[in-house]
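Residue numbers (the working numbering), protein chains in the order written: chain A, 1 to 440; chain B, 1001 to 1518.
Hints should not be assumed to be uniformly reliable.
[Said to hold, decoys possible] Which stretches of chain B does chain A cover? Using the computed rule of at least three CB atoms under 8 Å from a CB of chain A, they are: (1) 1337–1345; (2) 1361–1374.
[Unchecked claim] Facing chain A, a subset of chain B residues (Cβ under 10 Å, in silico): (3) Leu1305; (4) Pro1307; (5) Asp1322; (6) Thr1324; (7) Pro1325; (8) Arg1330; (9) Asn1354; (10) Leu1357; (11) Asp1358.
Rather than coming from a laboratory, the hints here were simulated on the basis of the structure.
Here a beta-carbon is modelled for each residue, glycine too, at the ideal position from N, C-alpha and C.
Take a look at the letters that make up each chain.
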Amino acid sequence: MTTEPIAPPSSPQDAASVLPAPAASGTGGAGTGGAPPLYRRLLARLVEANPAVVTVLSVFTALVFGGILIDVTSSGVVHAWSHAGSHPGRALSLTFTTVADAYGAILSGSVLSPSTLGHAVSTGQGWAQVFNPISETCVAATPLILAGVGVAIGFRTGVFNIGAQGQLIAGSIVALYVGFAVNLPIWIHLPLVILAGAAGGAAAGLIPGILKARTGAHEVIVTIMLNYVFLNLLNYVLGGAPFQLPGQTNEISQKMLPSARMPHLFGSSLRVNLSFVIAIAMAALASWFMNRSTLGFSFKVSGANANAARTAGMSSTKVTILVFAISGLFAGMAGMATLSGTNFFLSSGYGGTIGFNAITVALLGRNRPWGVVWASMLFAMLDVGGASMQIRTGITLDLTAVIQATIIFFIATPMLVREIYRLRSTGAGALQLFTKGWSG
Amino acid sequence: MRLELDGITKRFGPLVANDHVDLTVEPGEIHCLLGENGAGKSTLMNVLFGLLHADSGEIRIDGTPVTFADPGEAVRHGIGMVHQHFMLIPVFTVAENVVLGFEPTRRFGWLDRRRAHAEVRRLSSEFGLEVDPGALVETLPVGVQQRVEILKALQREARLLILDEPTAVLTPQETEALFRIMRSLRDSGRSILFITHKLKEVLSVADRITVMRLGRVVGSTTPDEADEKSLATMMVGRDVELVITKTPASPAEPVLQLEQLSVADERGVTVVEDVNLEIRAGEIVALAGVQGNGQTELAEAIVGLRPVRSGVLRVEGADLTDATPRERIRAGLAQVPEDRQADGLVLSMSIAENLILDQYDAPPFARHGVRDLSAMRAYGARALSEFDIRAASADVPAGTLSGGNQQKVVVARELSRKVKVLVASQPTRGLDVGSIEYVHRRIVDARNAGAAVLIISSELDEVLALGDRVAVMYRGRIVGIVDPAVGRETVGLMMAGAGEVPPPPPAVNATLGPGDGS
Chain A
1 MTTEPIAPPS
11 SPQDAASVLP
21 APAASGTGGA
31 GTGGAPPLYR
41 RLLARLVEAN
51 PAVVTVLSVF
61 TALVFGGILI
71 DVTSSGVVHA
81 WSHAGSHPGR
91 ALSLTFTTVA
101 DAYGAILSGS
111 VLSPSTLGHA
121 VSTGQGWAQV
131 FNPISETCVA
141 ATPLILAGVG
151 VAIGFRTGVF
161 NIGAQGQLIA
171 GSIVALYVGF
181 AVNLPIWIHL
191 PLVILAGAAG
201 GAAAGLIPGI
211 LKARTGAHEV
221 IVTIMLNYVF
231 LNLLNYVLGG
241 APFQLPGQTN
251 EISQKMLPSA
261 RMPHLFGSSL
271 RVNLSFVIAI
281 AMAALASWFM
291 NRSTLGFSFK
301 VSGANANAAR
311 TAGMSSTKVT
321 ILVFAISGLF
331 AGMAGMATLS
341 GTNFFLSSGY
351 GGTIGFNAIT
361 VALLGRNRPW
371 GVVWASMLFA
381 MLDVGGASMQ
391 IRTGITLDLT
401 AVIQATIIFF
411 IATPMLVREI
421 YRLRSTGAGA
431 LQLFTKGWSG
Chain B
1001 MRLELDGITK
1011 RFGPLVANDH
1021 VDLTVEPGEI
1031 HCLLGENGAG
1041 KSTLMNVLFG
1051 LLHADSGEIR
1061 IDGTPVTFAD
1071 PGEAVRHGIG
1081 MVHQHFMLIP
1091 VFTVAENVVL
1101 GFEPTRRFGW
1111 LDRRRAHAEV
1121 RRLSSEFGLE
1131 VDPGALVETL
1141 PVGVQQRVEI
1151 LKALQREARL
1161 LILDEPTAVL
1171 TPQETEALFR
1181 IMRSLRDSGR
1191 SILFITHKLK
1201 EVLSVADRIT
1211 VMRLGRVVGS
1221 TTPDEADEKS
1231 LATMMVGRDV
1241 ELVITKTPAS
1251 PAEPVLQLEQ
1261 LSVADERGVT
1271 VVEDVNLEIR
1281 AGEIVALAGV
1291 QGNGQTELAE
1301 AIVGLRPVRS
1311 GVLRVEGADL
1321 TDATPRERIR
1331 AGLAQVPEDR
1341 QADGLVLSMS
1351 IAENLILDQY
1361 DAPPFARHGV
1371 RDLSAMRAYG
1381 ARALSEFDIR
1391 AASADVPAGT
1401 LSGGNQQKVV
1411 VARELSRKVK
1421 VLVASQPTRG
1431 LDVGSIEYVH
1441 RRIVDARNAG
1451 AAVLIISSEL
1461 DEVLALGDRV
1471 AVMYRGRIVG
1481 IVDPAVGRET
1491 VGLMMAGAGE
1501 VPPPPPAVNA
1511 TLGPGDGS
């Protein structure tokens, strides 16, 4: 019998990933031993295709793509390139300045405009104009954050709540009713409105939750269909008493009483209001809930491995019903936040596409509450800044929608991003988390 | 044909799965490739079959260097592979499956059934592979389906046959039949590369043995020179205890009682029928049976993951037939699930979180619905050393662990409660020899501490080594309960639904029977 002695594995990682290290080495396990220095590990994390890196690169790639789109649709740039033979420098510089102008307009329209700042500093007046863009971005982000966090909690639990739109409308209807039907002091009326919005959304969420838990109905189908139910329920209640604005034949509701409206944060010239603070606080609460509460833990386990959850004695019925109620609660609060913060009344089509954009920001935020906050701010910036870009550069507002869609396109195809940037694979599991399973 | 692998190296990132592997298979030889899971056997075979491409090294057939871009090229060079999971179409006949892709046709592209049948009959008589060409594959037992796979390879004129863990799904008798087929193929001049981690099989069928460990070839030998002990030592790299030593059981009062238990599968077919079984405190009952005879469903019914169709299940006299999994856990039931990755662990979560999956909402890990993360981490760190889980820390995801260490996490979680009944399904499947030794030791310890233990295993060696009594299941029924001392042959025949059933062991017989103690 010929047995060559085998040398000890060159690095503990090599051995550990294959097999437990020989008994003699005792603690030698996966990735233990002489860890490389911190900067090396950070560098390794950056070139590896982990979800955070893929997310950032997706946004970056979408912006590059948007830039190309701006250039090829700009007659000035195309014209300059057709004469590139005689003026190559001009063509090149125009290519970059056109994109820089457009993105600069988005930034100054959604965050801070240098010209209004300069004016305010030199004259001491017009500070409201300085802060108006960021205020508008916060207002636009508020419902996205709330609904997005709700959808994200569902995703992490392994349920696909596509019904945020309907739950948002349900919450708005209940909040509106409480907002005009009773007359109370603000310190009791406003909390009641908030609770009403939450309760309306949660009740709407319970419907698909119970249907899935009790009958096995597929939540994607049920929630999509319920969106239409609530959309038309809104139209129905707006068509008559008690909701319809008296003397109107249009589908427009009464206004909420002043005591049911969110106070402004920085005076009446900026629209940013208490809703934004509530949205951030709810994101913080959601983050705590998923990480520290036992219910949140059972949600996470169910989402990561439903079989293991059942084996460990967790009740899938309870988890399914509760996660839909909570997801709906957040969506309902999203509807309430805009209603009580800036709108004060409901009309047909209220909510726009917030409930669907919520799915998008949940994906972009990698289903983490704080990730959803950043994603919502980014999307709100594109929405708010897009309008100012259209005014200042003539580039159509639709470009921002293309950028938003492109971001999600890359998020949903992590393999593509990995190929473009030649990222190292981290093993399939990490990336699939985003996109796995509509099969329920 | 003569196959030479010369210096094959395959890396996955920092992991070297194959490190300069040399292997030569002579014409007309059964060559065993022996190694634990993760030793690099499958990677090597995938390189050989064109599914993966080596980073360096050379494959030579009869002295000529070859490269395979895909499995099709490997097949054209005379290499056939029988995968662990069969690649057959269940609703087609044997003949249709065998000729698939190489169909003999008549005019206008009609399938020539007669020629296909004749082809199958010719091949099967030549090599002693008995099979009815007209039978539907889905109606055939697993052992016969495997023969169809081999026929498929032979029909494509394979001169080297790779068999990847072919015996995992077979009864001992079917395994013997497979070995006979392997020998007749060898005698016809074909070469066979037989991949396994079962030592007994290697010694009974191999002409030559190559042992791999951690991606390298650590030695080669022949059955005449080696024995189980020496092969195990080569495989693991240290001395291992192959047979668990345990004291005789001293069974006390009955704890788990199954009375006339029937269970249905997903399709509503009754797969467990009228099972009566009583397990006492301090004894291990091992449930033997070929996979798919109802053992899985029985285990799931006991732990509450599958509804009981009729019958009663009691733990310490209390009726738990309709209890939820949670209520059963509270009643002292513990389980090692058959598929640890699918049912036992949340691979993306940390070891510490996996360790408390069953008590995440109870003190000290949570109070009033709020988790105590530091209590969990402290517990995780303690469990790492107590249960010999090899990991950098309890905070790393369970998915980064090797199979053996993953199973240790499951065992650690289940056995750290007060266990009255332990149901362990295939507790050592896919584990390396060292981890098997460990898991067996823990199970025997649980028995000695007074637990009633039910082991479900398709490994006969495990059943006979661990069981104080052996219950054999065939087609949903327990066909007999015997003393493990009756031996492999008798139990093997019972697993196949044949043979005389010996009387139950007298020591426990006196107090055994449905309804007792309820």
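Check the structure against each numbered hint from earlier and tell me which ones fail, lowest number first. 4 and 5
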